[in-house]
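**Student:** Model the placement of chain B on the given structure of chain A, informed by the hints.
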Amino acid sequence: MRHLIFSTLIILLVSCSVKLPETSVMADKNVNIYPDYNEITLPCNIAPLNFKIDEKGDEFITRIYTSGNKVKPILVSGKKVIINPKRWKTFLSENKGDTLLIEIYEKNRDRWIKYPVLKNWIAPQTIDPYLSYRLIEPSYVTYEEMTINQRNITNFEESVIYENSMVSNRNDGQCINCHSFRNYNREGEMQMHVRQYYGGTVIVRNGEAEKIDLKTDYTISAGVYPSWHPEKLLIAYSVNNTGQNFHTRDHQKVEVLDTESDLILYDVEKNEVKIIANEKNEFETFPYWSADGKRLYYASAHFEYENPADKTARQIEVADKHKEIWYNIYKKSFNPETLEFGETDTVFMASDYGRSATFPRESPDGKYLLFTLGNYGNFHIWHKSSDLYLKDLTTGEVRPLKEINSDDVDSYHSWSSNGRWIVFSTRRDDGSYTRPYIAYFDESGRAHKPFILPQKDPDFYMNLFKSFNIPEFMIEPVTVPRYKFMTAIKKEAKKVTYRADTEDQKRKKKENDEHTNFYE
Amino acid sequence: MKQPSKIKNSVKRPVKASRSALFRVLEKSDYLYYKVLCTVLLIITACYFTFIHNSDFLFKLQELSLFIFDGIFFRECMQVAGGLLIYAGAFLTQFFYYPVIGSLIYISLLLTIVWLVVKAFHIPSKFFPLALIPASLFLLTVTGLDYIIFVIKSNGYLFSNMLGTILLLASFMVYRRIPNYWARTGFLFLLVVAGYPLFGFYALLTSLLCTIYELGLFSRDRKSLHFIPCLSATVTAIAAPLFYFAFIYSRMSSIDMYTSGLPLFFFNKVEFAFWAPYITIFISLVLFAGFLFKQPETDRFGFSSAMVFVLYLISIAGVYGGSFENKNFRAEIAMDIAVFNNDWEKVIKISEANESEPSRLTVMFRNLALQKMKVAGDNMFRYPHASAPMQARRPSQYLRDAGAKPIYYQYGQINSCYRWAMEDNVEYGTKVVHLKYMVKCALLNDEIKLAEKYNNAIKKTLFHRSWAEKYQQYIDNPAQMDNDAEFAAIRPLMAYDNMLAGDAGLLENYILNSFAHMEGGNREIAELSLQNNLIQKNIERFWPRFFLYVRNHDRIPVHYQEAALLYSYLEGKVDISGIPFDPEVEAAFGRFVEMSKQFGSYSEDKTQKIFKEKFGKTFWYYYFFTKDLKTN
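Chains as they are written, first to last, in the working numbering: chain A, 1 to 520; chain B, 1001 to 1632.
Excised from the complex, chain A in its bound form (with noise of 0.2 angstroms):
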């Protein structure tokens, strides 16, 4: 116990007495660091941005101050940067839109010398504290242990909300995805299917978690891409017929494609489902409800097979002709009240340019919308000329997000509740690692540098062999426990009725090969 106390008091003593040089030459180039947390905007709510400097020094010393000099500059020696996390919080909660400067010393024998100072401003606005997003390997077909998980991204605390392992066994598994909110979650409701071993769609509310069968005689199958209407429990999906399929040597190693694909509403208090879109010709796909839930955005590609009554043909039709699918963004108006959906609207023709728009996101303020375009199909989360791009909704104006997007796959993305943040999903720094990137969206409609969402080990992402993938953000974090997630899903799943609203949507869809559905 002695020996603790001292060590600690050592460790104290040292910790304290980081002392800068009084004497450091100027460095002719700019410190690398990892991850780069340079000339980018931050929240002043986000966990510390702890850091490795990327240089061969013998010793390192970090300056953390801002140019009001509020308070006490933040002093670390080493090469990994690791912040006090409670200096941090005051530190940003004390300097609001000032600026972040990071100095940084090194020491070569007996020199010192110090780099050009790194420069982040700390927005005013604060980001939804808690992220939610799926762990898995960018694996192709198999699939083992996967994990629903929620970070509280003002500190480094990192829980399960569900992971796959709980319920399989060793011969059969399950593939958990598409977790989603209603709200940001503030009120504690989300979804997310179970495929496969038990498979279903978890519906959680009120603190209880039910597991529903989607799949009706009269849909593709059963719900696939999900978004939750702001204020009804209702939730709009899309149902897919979905294949894999490899490059054998593009570096974009996977492709999905849709041979078919439709959208319902699934009235959660009803336990009932309709459809929404099912045009013929048209693989219709990626809901979306706008901030007041008066409108449903989503992407279609128009497709007109050869030979549509044979499946097979379809399949291999869809695989040659892939980089001619090209998706356009639509709308449709919503009546909340009757639950009625108007005429469809072009929101973005990219088709027009050769090109394939999907995941339209629109700003809680109602006045852009974000979206991924890329060269072809729907699988932009593997599209290497997959980027963000921005539309004014006000002056109609498109534009792709230079601020934000990198050579590499640019793609999944979620707005914070305020507007001010944007998450998304890249494999910028690997090209097959996705990670949540996050960036600060001003009110003039740009986007600023994005940044890596911090982790408390800088090399936390260099080893980590999982992609971070749907990163959502969350005001409150889920509250039901593990067990009863399992529990739910090992009962039976509650079967949704169908409700046709014209004679068309009556006739029963021919049998879908389970086995050959991504999805299924």
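Rather than coming from a laboratory, the hints here were simulated on the basis of the structure.
Be careful, since some hints might not be right.
As the list claims (entries may be wrong) - So these bits of chain B aren't anywhere near chain A, every CB distance computed over 12 angstroms: (1) Ala1194; (2) Thr1234; (3) Thr1626.
Said to hold, decoys possible - Below are the SDA-like pairs computed for lysine to any residue, each with C-alpha atoms no more than 20 angstroms apart in a straight line: (4) A:Lys52 with B:Asn1456; (5) B:Lys1431 with A:Arg435; (6) B:Lys1119 with B:Gln1094; (7) B:Lys1459 with A:Arg435; (8) A:Lys311 with B:Ser1596; (9) A:Lys56 with B:Asn1445; (10) B:Lys1449 with A:Arg435; (11) B:Lys1460 with A:Asn463; (12) A:Lys384 with B:Asn1445.
Just so you know, even glycine gets a beta-carbon here, dropped at the ideal spot from N, CA and C.
**Tutor:** Structure of chain B alone, referenced to chain A:
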């Protein structure tokens, strides 16, 4: 509380004159020679079944494992109960990089178990061989493994269960020395509550053993206080895993709650053979506890001692009999290691030495080696194109499981190699050999950052660092890759256009088809396409590739000549008069045709036998008599 002391028969009976001298020697110095003899037998068996006979196998097991010195790896291991055993087991498995060193560690742990069994249960000297039985059965848990090594997800398997057993025996010894009921109750409580996350099943089994021991004490002194630790152990052993499962672990499956820490074999009839040694070990340990309450009345070597010795011999025989001795399996593993090292001559040598009917994988490895040595056209049909099944208890696509990474990689199908390395890492756990292939694939694909990611992990291993250092040079300076002979041989095979495809796990079909359908391309691809069309016996695709080859080369390999002569003879469509055939090949073909006419009326079996003798190493024999090959 009085503990039962080691009971020894102090009454020595006079040795009868009729007792043989052998028995007297055995009994000498408290059976010292007997113990040494039995132990030496175990050591010899263990040496034979580890580094002498199974060197490549153990090296492969080490490659199919992973230990990384970092926090993430430790936390990964600790995500299920028994995580510390997995972590420690994976640490020790690395030492099989040098099979002799790994084996010595393994054997010393076996001997530790023997010593602990003797000490924990007071095994009487005349029954000493009993203490050796668990150790010999542990050998069987390794040597009995078949192709399942490619698909079982149990990192650290080689050592984790032995370590668990050592922990069990040591804890039991400690427990027996605790004099107080309440202290023993506390010990058991702690053992389960704190030990379950670290040692999983073995903490629970220890508590069961202690409970049985406590009940034994009760049967002797009838003191109801013995039920306190029993009750505590039972309740804790039932409740603690439930608690940990519900509130702590998310990675652990509900079916593994009470068995976490044991290997992940299926609980079914087919895989019972894998469980059998473990079950026997656990039952034997429980039975051995009987010696703590009843020792034999005499120290003399008698019938029961002889029976114990026979039992020991049976367990040793079980290791010999129960080991998976499949020549193709051994050949494939040795070839796989040689392929990784680009030692093509060794691959050929192993295939020649393999006396059994070859499996598809041995044939594919051999053809790969011939292709790399640029002698396939003269040799690829000089080896039986057979398809002996890959015998394994658990069904899987083992050709793909074992062969996809090296075969795809070496044939330049880099995305497919990377894909299966990734898929297998996901499904069966990250393996060091998969990471190596991922580094190489990423480099060949010019994905330098990705290569660095995998290479960094390999750099954190104990014995694969030097390998990683080599590839770090390529990461730091990609231009250096131009001097890499292995890459230089693969790059020409990568010169094909991107397309969407999927092999559905059918490795051989995919490789054959992808090259057989390629048209044009560089010399390497054109020749490989020609070879694959020969294997597929496709006449139509053969001719353009054959003539392309003839135009670009001075000499035509024997098998190409054989095919041209045969196809021309069969179809009579293509003019081959200008082709410079070797006179010997033409003469041999003449004899082949003559023999065909001569034995045309014979049964197929008989004809095959006759032709095999004379033409067994020709394309002609392959064309007519190699049928019904099974591949997956």
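**Student:** Take the hints in turn and mark each one as holding or not.
**Tutor:** A quick look at each hint next to the structure:
At roughly 20 angstroms from the closest C-beta of chain A, the C-beta of B:Ala1194 stays outside 12 angstroms, upholding its exclusion from the interface. The beta carbon of B:Thr1234 sits about 23 angstroms from the closest Cβ of chain A, which is more than 12 angstroms, so the claim that it is off the interface holds. The beta carbon of B:Thr1626 sits about 29 angstroms from the closest Cβ of chain A, which is more than 12 angstroms, so the claim that it is off the interface holds. Our distance criterion of 20 angstroms between C-alpha atoms is met by A:Lys52 and B:Asn1456, whose separation comes to about 16 angstroms.
About 23 angstroms separates the Cα atoms of B:Lys1431 and A:Arg435, which puts this hinted pair outside 20 angstroms; it is violated. Between B:Lys1119 and B:Gln1094 the CA atoms are separated by roughly 30 angstroms; this puts the pair beyond 20 angstroms, and the hint is violated. Our distance criterion of 20 angstroms between C-alpha atoms is broken by B:Lys1459 and A:Arg435, whose separation comes to about 23 angstroms. Between A:Lys311 and B:Ser1596, the direct Cα distance comes to roughly 47 angstroms. Violation of the 20 angstroms bound is thereby established for this hinted pair.
In summary, the hint linking A:Lys56 to B:Asn1445 is not supported, as the alpha carbons are separated by about 29 angstroms, beyond the 20 angstroms threshold. Note on B:Lys1449 and A:Arg435: the hinted pairing holds, with a Cα-Cα distance of about 14 angstroms set against a maximum of 20 angstroms. Restraint check for B:Lys1460 and A:Asn463: the C-alpha separation of about 11 angstroms stays at or below 20 angstroms, so the hint holds. Restraint check for A:Lys384 and B:Asn1445: the C-alpha separation of about 15 angstroms stays at or below 20 angstroms, so the hint holds.
Hints 5, 6, 7, 8, 9, counting from the list given before, are not met by this structure.
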